[in-house]
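Number of protein chains: 2
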Amino acid sequence: MILPTAEIVCLGNELLIGITINTNASFIGEKLTELGYEVRRVTCIRDEVDLSVEFFKELFKRKPKLVIVSGGLGPTYDDIQLKVISKSTELELQENSEALEQIKKYYSKRDLKLTKERRKMAFIPEGAKVLDNQVGGAPGCHVVYKEMDIYCLPGVPTEMKDIFNRHIFPYLRKQNEYQLFQRKFQITGCAESELAPFINEVKINFPELYIKSHPEYKGESGIVIHISGYGESEEKKVVSVMEILQNDFRRNFPHSEIKAIKE
Amino acid sequence: MILPTAEIVCLGNELLIGITINTNASFIGEKLTELGYEVRRVTCIRDEVDLSVEFFKELFKRKPKLVIVSGGLGPTYDDIQLKVISKSTELELQENSEALEQIKKYYSKRDLKLTKERRKMAFIPEGAKVLDNQVGGAPGCHVVYKEMDIYCLPGVPTEMKDIFNRHIFPYLRKQNEYQLFQRKFQITGCAESELAPFINEVKINFPELYIKSHPEYKGESGIVIHISGYGESEEKKVVSVMEILQNDFRRNFPHSEIKAIKE
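Protein chains in written order, with my numbering: chain A, -18 to 244; chain B, -18 to 244.
Only chain A is shown next, with the shape it has when bound in the complex (with noise of 0.2 Å):
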């Protein structure tokens, strides 16, 4: 199964120098995976223009169905995400009345002013389509660019979510068709690579399915075998890939502790 893929792009000079730890790139990435989408690559870049844009312009020659972008959309002189998208799909930057009033509510209602930097945020690519941010002042955008999806979204972490739960995952779950099955689980008491050989028999024989083993989840430590498939054919051959893998190592190494994971 070819399942349409994905890019995510990192804006800021803080996730380079250690100031920021990316969740951003893990929440994106989970959700697109429950998507359907296949993330193929997470890069994170400088705030500056020139090596940006020279990245996008790589980007769109690899053609990902669909690129989230996040990080660089503000007030700030080095807020450059927009400018970047403008400059390497060379789609003009246009002042968006619909922006324009998002963003004059926002500040209205915290009785600040229209800064000439506030009104920056309301430029977006000519035909891009704004998506409201219900958290902080800069709205998002949907620019569609020679057949890819193109999300520009903020960087802060309740912003972005904000923006992807309300517009982006409803839209992209009608647009895929495909749906992902998976289970997951913990074993403790034995090495990694004891289990090696196990999953890659497994493997053999499933080939169409991504089986794993993990050391840590999430900040948990504990091995962590992940077994996924697309498609509704494949729930059942994820389930009994999961039996046969516990059963095995059950059996060899009976001091070993399994447990599930709940999505």
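It should be emphasised that the hints constitute simulated quantities derived from the structure, not laboratory data. Watch out, some of these pointers could steer you wrong.
[Stated by the list, open to error] In silico DSSO-like pairs for lysine-lysine, Cα to Cα no more than 27 Å straight-line:
no.	chain 1	residue 1	chain 2	residue 2
1	A	Lys184	B	Lys101
2	A	Lys12	A	Lys46
3	A	Lys42	B	Lys46
For chain A, the structure is supplied; the task is to place chain B on it using the hints.
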């Protein structure tokens, strides 16, 4: 000042599907920045040989001075890092006796057999230097290719950090003449967009410094102002920019609270 450039590459589907939050990239990015490198990109890629080889060939064309790769060193079928480095550099994988000794020692201490999967970890690119791993089974290595330093590290954070701190940090400290001077402080009680005009003004007067606001610091909320510069001559400027901004903020936002962040 032109800093040597670096790229960080994290290999592993778990990073793309949201199972793992990429704390390795922020650890490495922070250290490299401190060591005087400009981290240009962080890229997470899938455990797929062809896609990864294509990625590394592009990367090598950008000629960063330094490449740190983490993830995909180990005994399982998807631990493809060294195969990918070998294919993209055309340096053959050869069984390295030093690496083999370390692997044998690691497993015999734990009363585990030297399986075929474990022995695989002793194959490293020809000419590479082995970097012993004191926490896990997979040794790292240091490859020099077309004047680029490539460090191959495991993805398990404790193992990656062990090798980074003992082998890479001291080596790079000696290599690079630059030193980073930085100050960070936190301000609460005003909006990031209110601070923007003051930061923009000081930025014009000190274009050689990096001056930026971030809405959070390693998960902690409150706007962080980060000022940094390289080379001894910049230390005084960094401190005076901090004082200028703190005075501006105190004068204009008397109800805000300013707090220093210690390194």
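Comparing the hints with the structure gives:
1. Between Lys184 of chain A and Lys101 of chain B the CA atoms are separated by roughly 19 Å; this keeps the pair inside 27 Å, and the hint holds.
2. Between Lys12 of chain A and Lys46 of chain A, the direct Cα distance comes to roughly 15 Å. Compliance with the 27 Å bound is thereby established for this hinted pair.
3. Restraint check for Lys42 of chain A and Lys46 of chain B: satisfied, since their Cα atoms lie roughly 26 Å apart, inside the 27 Å limit.
Going through the hint list in order, the structure satisfies each hint without exception.
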